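The whole structure should be built from the sequences, with the hints applied where relevant.
Numbering follows this note's numbering, with no gaps: position 49 of the sequence shown is 49.
Derived by calculation from the structure, the hints in this document are not laboratory data.
These numbers were taken from a predicted model, which means no experiment stands behind them.
Keep in mind that the hints are not guaranteed to be accurate.
Computed Cβ-Cβ distance ranges for the label pairs, DEER-style [as the list claims (entries may be wrong)]:
no. : residue 1 : residue 2 : range
1   : 210       : 125       : 18 to 26 Å
2   : 194       : 132       : 13 to 21 Å
3   : 188       : 106       : 16 to 24 Å
4   : 178       : 78        : 17 to 25 Å
5   : 211       : 151       : 27 to 35 Å
6   : 98        : 178       : 20 to 28 Å
Backbone N, C-alpha and C fix where the C-beta goes; we use that ideal spot for every residue, glycine too.
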Amino acid sequence: MIRRPLRTFAYGHPWFYDLVTGISALPVGGSRRLRHLCAQQLAPRLPPQAAVLDLCCGGGAASAALLERGFRVTGLDCSRQALERAARTHPGLLTVQGLAEKPPLAPGQFAGVQISLALHEFPRPARLELLAAALGLLQPGGWFVALDLHLTHGPLGWPQQWFVRLFETDTAVDFLTSNLAADLTMVGYGSVIREILAMGSLQLVSARKPFLAPAP
1 MIRRPLRTFA YGHPWFYDLV TGISALPVGG SRRLRHLCAQ QLAPRLPPQA AVLDLCCGGG
61 AASAALLERG FRVTGLDCSR QALERAARTH PGLLTVQGLA EKPPLAPGQF AGVQISLALH
121 EFPRPARLEL LAAALGLLQP GGWFVALDLH LTHGPLGWPQ QWFVRLFETD TAVDFLTSNL
181 AADLTMVGYG SVIREILAMG SLQLVSARKP FLAPAP
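This is the structure:
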């Protein structure tokens, strides 16, 4: 895996990580709106107080957007330290430690699942495993929403290329050449919708778990 020194520095210095996130979030209206994008997609599609899972929740910034809308939110992450911080900051959040591609959770218990700016951290086999695991955790008719990078072309592609080179890993390079919407369809989701944001640098993709399993 390619080493990114500034990535290591950013994760060790929260002020720098917040600065980078804030700058990259400007095209969508700032950090707060960035963290609310998944929740804004889920909220109109789910019943009040529905159970929602935030995969790779980290410190809970995107989970907070779900809590504000009255959902019963579980945040899953592999980092105990991140979950402890999330629990302190967001007392209403139920936290579970585990791998997103192998979640230690019972199937079919969530009306919605979100993952914000984390899919690009996974190599393709693990990414497909995560998408399949999330499908299993959803109730029939439940919704999955993902916010992540999208390959930008033309002059606007240069800032993205430098950002990836300085702050991301080789999995992000692979992710930018993949087709998330097609992967969701292949895994078994339906009603896949993709919205391109931030002058083409982000994608917001939603998909639904079918009510009936496909015929063999």
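Holds or violated: 18 to 26 Å for the Cβ distance of residue 210 and residue 125?
-> At roughly 24 Å between Cβ atoms, residue 125 and residue 210 fall inside 18 to 26 Å, so the hint holds.
Determine whether the Cβ-Cβ distance between residue 211 and residue 151 falls within the hinted range of 27 to 35 Å.
-> Taking Cβ atoms as reference, residue 211 and residue 151 lie about 33 Å apart, which means the hint holds.
Could one say that the CB atoms of residue 188 and residue 106 fall in the range 16 to 24 Å?
-> holds, 19 Å
Is it true that residue 178 and residue 78 lie within 17 to 25 Å of each other by Cβ?
-> holds, 22 Å
Is 13 to 21 Å a correct range for the gap between the Cβ atoms of residue 194 and residue 132?
-> At roughly 19 Å between Cβ atoms, residue 132 and residue 194 fall inside 13 to 21 Å, so the hint holds.
Return holds or violated for the Cβ distance of residue 98 and residue 178 against the range 20 to 28 Å.
-> Roughly 24 Å apart at Cβ, these two residues keep to the hinted range, so it holds.
Of the numbered hints stated above, none is contradicted by the structure.
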